[in-house]
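Student: Below are the chains, spelled out letter by letter.
Protein chains: 6
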Amino acid sequence: MSKQDITQQLIQTIDELSDLNALQGIFHEHRDGDPLPSAVELEEIIMLSRSILFPGFFGRSSVNCETIKYQIGVNIERLQKLLYRQIMAGLCFDTDCHCPHAENTRRCLNVEAEKIVVRVIAKFPKLRTILSTDIQAAFDGDPAAANIGEVISCYPALKAVINYRLAHELALENVPLIPRMITEMAHSETGIDIHPAATIGSHFTIDHGTGVVIGATCIIGNHVKLYQGVTLGAKSFPLDKDGKPIKGIARHPILKDYVVVYANATILGRITIGKGCVIGANVWVTRDMRPQSKKYKQSKTDILDTDFEYGDGI
Amino acid sequence: MSKQDITQQLIQTIDELSDLNALQGIFHEHRDGDPLPSAVELEEIIMLSRSILFPGFFGRSSVNCETIKYQIGVNIERLQKLLYRQIMAGLCFDTDCHCPHAENTRRCLNVEAEKIVVRVIAKFPKLRTILSTDIQAAFDGDPAAANIGEVISCYPALKAVINYRLAHELALENVPLIPRMITEMAHSETGIDIHPAATIGSHFTIDHGTGVVIGATCIIGNHVKLYQGVTLGAKSFPLDKDGKPIKGIARHPILKDYVVVYANATILGRITIGKGCVIGANVWVTRDMRPQSKKYKQSKTDILDTDFEYGDGI
Amino acid sequence: MSKQDITQQLIQTIDELSDLNALQGIFHEHRDGDPLPSAVELEEIIMLSRSILFPGFFGRSSVNCETIKYQIGVNIERLQKLLYRQIMAGLCFDTDCHCPHAENTRRCLNVEAEKIVVRVIAKFPKLRTILSTDIQAAFDGDPAAANIGEVISCYPALKAVINYRLAHELALENVPLIPRMITEMAHSETGIDIHPAATIGSHFTIDHGTGVVIGATCIIGNHVKLYQGVTLGAKSFPLDKDGKPIKGIARHPILKDYVVVYANATILGRITIGKGCVIGANVWVTRDMRPQSKKYKQSKTDILDTDFEYGDGI
Amino acid sequence: MSKQDITQQLIQTIDELSDLNALQGIFHEHRDGDPLPSAVELEEIIMLSRSILFPGFFGRSSVNCETIKYQIGVNIERLQKLLYRQIMAGLCFDTDCHCPHAENTRRCLNVEAEKIVVRVIAKFPKLRTILSTDIQAAFDGDPAAANIGEVISCYPALKAVINYRLAHELALENVPLIPRMITEMAHSETGIDIHPAATIGSHFTIDHGTGVVIGATCIIGNHVKLYQGVTLGAKSFPLDKDGKPIKGIARHPILKDYVVVYANATILGRITIGKGCVIGANVWVTRDMRPQSKKYKQSKTDILDTDFEYGDGI
Amino acid sequence: MSKQDITQQLIQTIDELSDLNALQGIFHEHRDGDPLPSAVELEEIIMLSRSILFPGFFGRSSVNCETIKYQIGVNIERLQKLLYRQIMAGLCFDTDCHCPHAENTRRCLNVEAEKIVVRVIAKFPKLRTILSTDIQAAFDGDPAAANIGEVISCYPALKAVINYRLAHELALENVPLIPRMITEMAHSETGIDIHPAATIGSHFTIDHGTGVVIGATCIIGNHVKLYQGVTLGAKSFPLDKDGKPIKGIARHPILKDYVVVYANATILGRITIGKGCVIGANVWVTRDMRPQSKKYKQSKTDILDTDFEYGDGI
Amino acid sequence: MSKQDITQQLIQTIDELSDLNALQGIFHEHRDGDPLPSAVELEEIIMLSRSILFPGFFGRSSVNCETIKYQIGVNIERLQKLLYRQIMAGLCFDTDCHCPHAENTRRCLNVEAEKIVVRVIAKFPKLRTILSTDIQAAFDGDPAAANIGEVISCYPALKAVINYRLAHELALENVPLIPRMITEMAHSETGIDIHPAATIGSHFTIDHGTGVVIGATCIIGNHVKLYQGVTLGAKSFPLDKDGKPIKGIARHPILKDYVVVYANATILGRITIGKGCVIGANVWVTRDMRPQSKKYKQSKTDILDTDFEYGDGI
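Protein chains in written order, with numbering that gives the first Met the number 0: chain A, 0 to 313; chain B, 0 to 313; chain C, 0 to 313; chain D, 0 to 313; chain E, 0 to 313; chain F, 0 to 313.
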């Protein structure tokens with residue numbers, strides 16, 4: 000194979016790969032100047048958020064009482080800038096940028112993005128308050144935790160929950176794409192996959208966490224504890240007349256306050272697990288559980304459920 | 000402990016650690032000038048491949064219809080250079096570089112590496128075609144997916160499958176080490192562990208994915224869907240007369256078209272799961288299943304299998 | 000929303016977030032000049048350790064027999080410096096740095112940190128010896144492993160075990176925080192969560208590994224093999240009079256030599272699994288097993304255990 | 000000095016430094032979202048321009064005949080993006096961004112910046128043509144130059160002249176600030192200070208170059224050669240009624256074709272040095288010189304010039 | 000030359016280069032833990048200082064009136080940390096760290112360094128005030144300057160003078176080495192070499208600047224203007240009985256207020272140039288000049304000076 | 000100007016710039032796999048050389064007596080690798096890589112490059128010895144130098160001379176291009192331009208240095224001292240029949256031992272400045288000077304030289 004043959008072959012491959020027909024539907028064209036969804040910027044957003052929420056534990060520099068305000072001020076300013084760009088990127092992602100009114104649309108999106116940023120940042124004090132309950136719950140429930148600082152520094156679940164709680168605020172503002180990218184970053188880092196649309200109360204803990212899946216329409220109360228490998232998924236989902244899944248239907252479990260679910264258990268469908276229930280390791284549940292009940296063994300009713308058809312996990 | 004004592008202790012440790020006898024078998028000596036397997040270069044290879052296959056979704060810069068060819072051209076050139084180096088690194092890794100004919104051997108490897116690179120790059124248009132079916136299947140099967148773009152941008156399974164499909168081409172060319180490094184990088188990123196030697200058809204999806212294991216001799220048809228935590232492993236493997244496992248024997252399952260396997264199910268051994276079968280969460284299967292059959296509950300025959308002996312998962 | 004309104008809102012949020020009352024207990028103030036626990040430095044420590052232990056497989060540069068001593072010498076020096084800083088960071092993390100005797104305390108910590116570093120580095124030759132048995136066991140037990148080099152380069156379990164064995168030495172020296180940070184870094188990279196306080200013998204292997212959890216008081220013998228998703232957890236843990244878990248009680252399993260545990264099995268409580276036992280996939284065990292026994296199916300006694308109460312996984 | 004005293008002192012200094020009165024006139028406030036003049040981006044612009052103009056000599060990657068188009072295509076696209084941002088930064092720098100019409104102004108600037116970018120890039124082929132004459136002249140005039148490649152790779156004057164010729168195009172488009180920043184970057188790199196507003200013909204060379212100064216209203220013909228330390232400056236400049244220098248008056252020399260000026264010579268004022276003149280080292284000239292004349296020694300008339308008053312060098 | 004020969008030769012060279020005898024006097028051994036003089040940290044110190052003094056012109060991020068305090072606060076904190084380390088590095092550089100009292104000495108240095116940092120930072124408001132006069136003078140004296148912003152952004156002399164004024168404060172505090180490193184960084188960037196011990200008044204400007212040299216014992220008044228290539232050097236310096244130059248003797252010129260010195264002029268020795276004097280390009284001066292006098296031509300007395308012996312330039 | 004027009008214009012410019020005819024002679028095509036001359040790698044070569052020669056003064060890490068050998072060993076190994084690549088790049092730069100025998104040629108170059116590297120590195124101990132004399136001379140001649148360490152850390156001339164002495168060794172080995180790139184890097188950093196082919200003895204110093212030019216055929220004895228702005232250039236150079244300068248003719252001055260040349264003096268042509276001569280600031284010399292003579296004033300004979308014709312400065 001001569002040098003010429005190699006070059007010929009490569010040029011032909013480049014031509015095939017650049018053929019716009021072959022790219023139909025899987026090629027994302029951007030309007031010039033629009034910001035791009037950026038994993039690098041989202042990582043900085045996460046780092047900034049963590050260091051604003053728990054100064055001294057995350058972030059590169061030391062802090063002290065007198066000067067902490069400067070640090071938080073600068074971090075909030077940087078966060079505002081980056082969040083604005085990524086929210087714009089999300090809004091543009093969902094919008095036809097080549098229509099005749101693109102310029103006007105874009106201006107509207109600008110204004111909207113600006114407002115969303117301010118509203119989301121204004122929620123940071125509340126985020127810190129609820130995350131503090133998650134930290135306390137993790138410490139109280141783990142004899143291996145030496146102190147609160149170890150929980151904040153080391154526990155992967157906290158990282159996943161910080162990302163989720165931030166992404167959830169963005170999801171509530173209907174920002175497309177970006178919330179999911181943020182929770183997937185935590186998924187990659189920790190093995191914990193929480194859909195940004197899920198609803199989760201205070202004092203929430205996940206121990207170890209690898210393999211946990213929490214679906215989009217889950218509703219989780221306060222003081223709930225999950226172990227590694229737990230799935231809160233869908234049992235089945237209705238299809239439309241084209242055989243495509245219908246979007247937006249409630250299909251994941253409701254867990255009331257003080258529920259505990261042990262390792263690798265699987266809970267499927269829009270069922271309600273009552274207050275204080277305990278579900279053992281490796282069992283699965285497809286029917287409602289009364290408050291304060293326990294299930295350590297696989298029940299026949301769950302398995303033999305006549306209308307049973309597994310659905311999508313989230 | 001004086002400064003002198005500390006230095007003495009460190010120098011002695013350095014001597015022990017540099018002792019060539021202690022390094023017997025676990026020290027990789029390189030011939031000068033041979034490229035090294037490099038995680039950094041492999042990561043760039045993955046980034047380039049993703050941005051060539053799905054321009055606008057991966058990669059740092061924006062693209063538009065008119066100028067996409069320049070981007071792909073430059074990326075293919077860079078990919079060629081890096082792939083060549085890593086393929087050479089893989090080939091050298093397996094070759095005794097200190098034999099008398101090392102210089103000749105090396106020249107042969109050079110020529111071979113050059114050819115492999117061109118053949119693998121020439122397959123990129125086909126890789127994009129089959130990956131598009133994987134994307135479509137993920138979108139069609141998930142009510143939580145807002146649009147195709149979200150699937151490409153966020154779904155970890157797609158990242159794992161891109162790595163697998165690229166690594167598989169390198170494995171078909173008998174490149175040592177590098178394919179496994181590429182799939183392990185996806186394993187670390189997504190928790191999905193697909194052996195590069197496995198065979199996987201079109202429209203393949205994995206939901207959530209953390210904990211999935213697909214063994215080296217698996218054969219998976221078209222339109223197959225797996226959920227998180229599914230193992231397609233070996234039940235047992237024969238040993239040679241030295242008690243070492245015999246390499247290269249088919250020992251993992253065959254999944255026909257349209258099979259669905261739910262979360263944390265375990266399928267073991269060279270069995271065949273017929274077309275359209277459904278396997279429920281947390282069950283395990285060690286016997287063939289007829290087409291269109293379903294298994295939601297643990298069967299006794301699977302458990303009480305007389306010749307049963309668990310083997311290696313891959 | 001005018002520019003002024005936005006700025007006003009941000010400044011108010013900054014004030015709320017900087018309020019020291021709101022930070023009570025979740026803010027880590029550092030004494031000036033004390034080193035900080037640093038993920039970046041710990042990553043370099045891990046990279047250095049890997050390249051000192053297995054030169055030519057990890058680290059950026061090539062090595063050859065004649066000059067390996069220079070590489071190891073320089074790497075040990077750098078390791079000494081970084082380890083010293085991180086050990087100091089760990090010791091300071093646990094110490095009240097604002098008491099009147101802070102200056103004296105700090106000097107003591109300095110001296111202690113210096114000694115710990117030298118002792119830990121002096122153990123590197125032994126670490127390499129035991130890790131070599133882990134590598135050999137992985138190769139002997141996996142028909143998919145082409146050679147020893149592939150095991151060292153690619154297998155995630157080895158990375159997790161290197162981190163664990165290093166962190167364990169630091170834990171034996173009572174360094175706070177840092178050992179856990181090191182094992183959590185492996186957890187994020189590989190999905191394998193080994194507590195640094197656990198005790199693990201030679202020839203230890205984990206196949207695939209995603210989802211494995213090994214608790215703090217586990218004692219694992221030689222030649223033990225685990226598969227992905229295995230939990231060695233606590234069944235229950237006693238609470239003190241305030242309802243908080245009592246720290247430091249033995250609560251995780253003992254696995255004797257030659258035990259094998261298949262995928263997603265769960266072993267809970269301070270029980271003893273005898274020499275040569277085999278535990279099947281997806282089952283769980285809460286009672287002692289006699290040597291050489293096998294358990295492929297869920298037993299009633301394990302499930303119906305009267306004093307049963309799940310506890311913390313680690 | 001206690002910790003508290005130190006903190007007190009620092010906080011007070013921060014307050015003083017943030018006092019807006021103290022910042023009057025020397026503080027540059029930006030409108031949110033406007034691009035900033037950026038030394039980092041300008042350096043990338045310079046690197047891109049050099050590698051577009053002389054591919055294979057500048058830039059990180061190798062090029063070959065068949066694929067050069069991809070490289071240039073990608074570089075032009077990146078250049079367009081960066082130039083647009085820096086031109087906008089320059090235009091905004093000169094504009095009152097807080098007036099009521101800021102939004103409209105900004106939109107006009109956008110449109111203008113877009114046009115300027117395209118016009119400047121369209122001149123790159125001509126820039127390459129004239130720079131090629133500069134290179135040829137340097138090679139022809141230097142016995143120490145081994146080949147054309149050495150001139151392109153090593154000669155600092157070429158770098159200074161590339162920057163100047165690019166900056167000059169931007170100056171012709173009335174872009175504020177940015178042209179001067181570009182020539183000052185060459186000044187720092189090479190010690191050659193050419194004002195972007197100067198006019199310079201083809202086949203222009205500067206040998207060694209450190210200390211050369213070429214003022215804003217200079218007009219230099221073709222085939223001119225300067226040596227290190229040459230100043231083409233102003234002799235005097237008229238002041239307005241407030242005693243401030245009047246801007247925009249022609250005050251620097253005109254050098255006709257084929258003029259040579261040796262090391263450290265100083266030529267001052269709006270005088271004309273005729274075609275083919277030679278000026279010796281260390282002399283200075285403040286009067287016109289007839290074509291083909293030479294001046295190796297300081298003349299009295301130049302020194303005793305009655306209306307003599309040195310002015311600004313540029 | 001075989002591989003073995005090459006390795007042998009390299010090892011021998013390493014041995015020669017590591018021979019401590021050969022390193023006598025030119026090898027700088029550090030006490031463990033002492034900070035090192037660091038060009039990288041000094042560059043960050045310069046960048047921080049510039050962006051604290053002229054926010055919005057230097058530094059990476061945009062600023063606005065409301066939030067400037069956060070930026071300056073964070074920058075001052077970072078500056079404090081870095082300056083402390085570099086001042087310690089300078090103090091240690093001059094101190095015998097291997098004497099028996101090293102530990103005590105080091106503690107004293109620590110306390111001293113801390114105080115110096117606070118005192119130097121406390122002078123930043125005054126530094127900004129005097130630098131503002133330098134900027135105003137540059138703008139008033141240059142018809143090519145479009146506005147104040149261009150002077151701050153582009154003029155190399157301002158960068159050199161910022162470095163000098165900061166270094167001068169450190170020199171007044173008797174910090175060894177570091178002040179000179181800071182002015183040499185400006186020398187490399189701008190070609191302007193100002194000794195940190197020199198004394199320079201307000202409204203000081205240097206046009207173009209390349210090649211300017213200002214010696215250690217110079218005293219320069221207010222409103223002085225220099226052009227490129229000006230030397231303010233020593234004419235001769237007395238030697239001690241060993242033939243070494245005696246340190247610390249006043250040997251450089253005094254320039255009174257409103258002096259102007261044109262390009263490449265050379266002023267040598269402890270002479271006084273009176274108020275309002277003008278010195279022409281390329282002349283040199285070794286005798287006092289009366290106030291308001293001008294010298295455009297070389298005078299005999301300067302050249303034929305009987306006790307003339309050139310000395311060191313600084 | 001519509002989006003389409005802009006894209007059209009850019010594509011046309013790309014076509015023009017990629018036209019191979021337009022690139023004739025100014026485009027450097029590389030053979031695949033050949034190393035490229037790289038400013039980045041050369042900078043690392045300079046940093047390594049400086050830190051090998053003067054450990055503790057240059058380079059990032061601290062050193063101590065016991066472990067210095069590891070540092071130097073690792074640095075020499077890295078230097079060997081980088082120097083090999085850059086020497087190859089230089090050799091390939093000068094060679095027609097597209098002739099039929101390119102493969103053989105390349106192998107010869109490989110062997111040659113390998114030998115040159117070893118020979119050059121073997122000279123490092125001698126380089127350190129002679130550079131030590133340069134350092135001593137700078138210290139002895141400058142009352143402003145506090146100690147030897149300040150000279151090594153701060154003096155720009157030392158940096159220029161290190162680069163020159165290294166480049167000179169490469170020039171003696173006939174490596175093309177690379178030596179000149181190395182001295183030009185010092186030229187940019189310090190303003191001192193020394194041609195790598197010049198010959199310079201021991202105890203060589205340059206004070207301040209900006210603007211110094213030392214031509215290719217200069218021969219400089221021991222104990223010579225230059226000040227800033229000194230030119231040792233060519234007076235004229237003979238042309239061949241095509242009017243091009245003849246290469247390789249001795250055309251620059253010879254300075255015998257103990258010569259001192261003050262600021263901005265210019266010495267031109269193949270003349271000999273005798274032992275112990277002193278040349279004053281701003282004068283120029285085009286005729287031989289007898290030993291021990293002094294010249295502080297411009298002489299007529301130098302100016303009125305009948306055969307006078309200025310030539311190239313280097």
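For the record, the hints were derived by calculation from the structure and aren't laboratory data. Predicted model only: the values in this text are computed from it and were never measured. Check each hint, because a few of them may be wrong.
You can't tell identical chains apart in this list, so a pair holds if it fits in one copy or across any two.
Below are the DSS-like pairs computed for lysine-lysine, each with C-alpha atoms no more than 25 Å apart in a straight line [said to hold, decoys possible]:
#1 LYS68 - LYS2
#2 LYS224 - LYS2
#3 LYS240 - LYS296
#4 LYS294 - LYS274
#5 LYS80 - LYS2
#6 LYS246 - LYS296
#7 LYS122 - LYS296
#8 LYS80 - LYS68
#9 LYS114 - LYS68
#10 LYS80 - LYS243
#11 LYS122 - LYS243
#12 LYS80 - LYS125
#13 LYS2 - LYS243
#14 LYS243 - LYS293
#15 LYS243 - LYS114
#16 LYS224 - LYS243
#17 LYS2 - LYS296
#18 LYS296 - LYS243
Student: If the cut is 25 Å between Cα atoms, do LYS296 and LYS243 qualify within a copy, between copies, both or neither?
Tutor: Intra 35 Å, inter 28 Å, cutoff 25 Å: neither.
Student: Within a copy, between copies, both or neither: where do LYS243 and LYS293 come within 25 Å Cα-Cα?
Tutor: So LYS243 and LYS293 pass the 25 Å test across copies only (22 Å; inside, 37 Å).
Student: When Cα atoms must be at most 25 Å apart, do LYS114 and LYS68 count as within-copy, between-copy, both, or neither?
Tutor: Close inside one copy (24 Å) and across copies (24 Å); limit 25 Å.
Student: Are the CA atoms of LYS122 and LYS243 at most 25 Å apart within a copy, between copies, both, or neither?
Tutor: neither (37 Å within a copy, 31 Å between copies)
Student: Give the relationship of LYS243 and LYS114 under a CA distance limit of 25 Å: within one copy only, between copies only, both, or neither.
Tutor: neither (35 Å within a copy, 44 Å between copies)
Student: My question is about LYS224 and LYS243: at a cut-off of 25 Å on alpha-carbon distance, are they close within one copy, between copies, both, or neither?
Tutor: between (34 Å within a copy, 15 Å between copies)
Student: My question is about LYS122 and LYS296: at a cut-off of 25 Å on alpha-carbon distance, are they close within one copy, between copies, both, or neither?
Tutor: Neither way: LYS122 and LYS296 sit 42 Å apart in one copy and 46 Å across, limit 25 Å.
Student: Which holds for LYS80 with LYS2 at a C-alpha limit of 25 Å: within a copy, between copies, both or neither?
Tutor: between (49 Å within a copy, 14 Å between copies)
Student: Treating 25 Å as the Cα threshold, decide for LYS2 and LYS243: within, between, both or neither.
Tutor: Neither: 49 Å inside a chain and 38 Å across chains, both beyond 25 Å.
Student: Which holds for LYS2 with LYS296 at a C-alpha limit of 25 Å: within a copy, between copies, both or neither?
Tutor: neither (67 Å within a copy, 60 Å between copies)
Student: Cα distance capped at 25 Å. Does LYS68 pair with LYS2 within a copy, between copies, both, or neither?
Tutor: Between. Shortest inter-copy distance 18 Å satisfies the 25 Å Cα cut-off; intra-copy 62 Å does not.
Student: Between LYS240 and LYS296, at a C-alpha cutoff of 25 Å, which is it: within one copy, between copies, both, or neither?
Tutor: neither (39 Å within a copy, 31 Å between copies)
In summary, the numbered hints that this structure violates are 2, 3, 6, 7, 10, 11, 13, 15, 17, 18.
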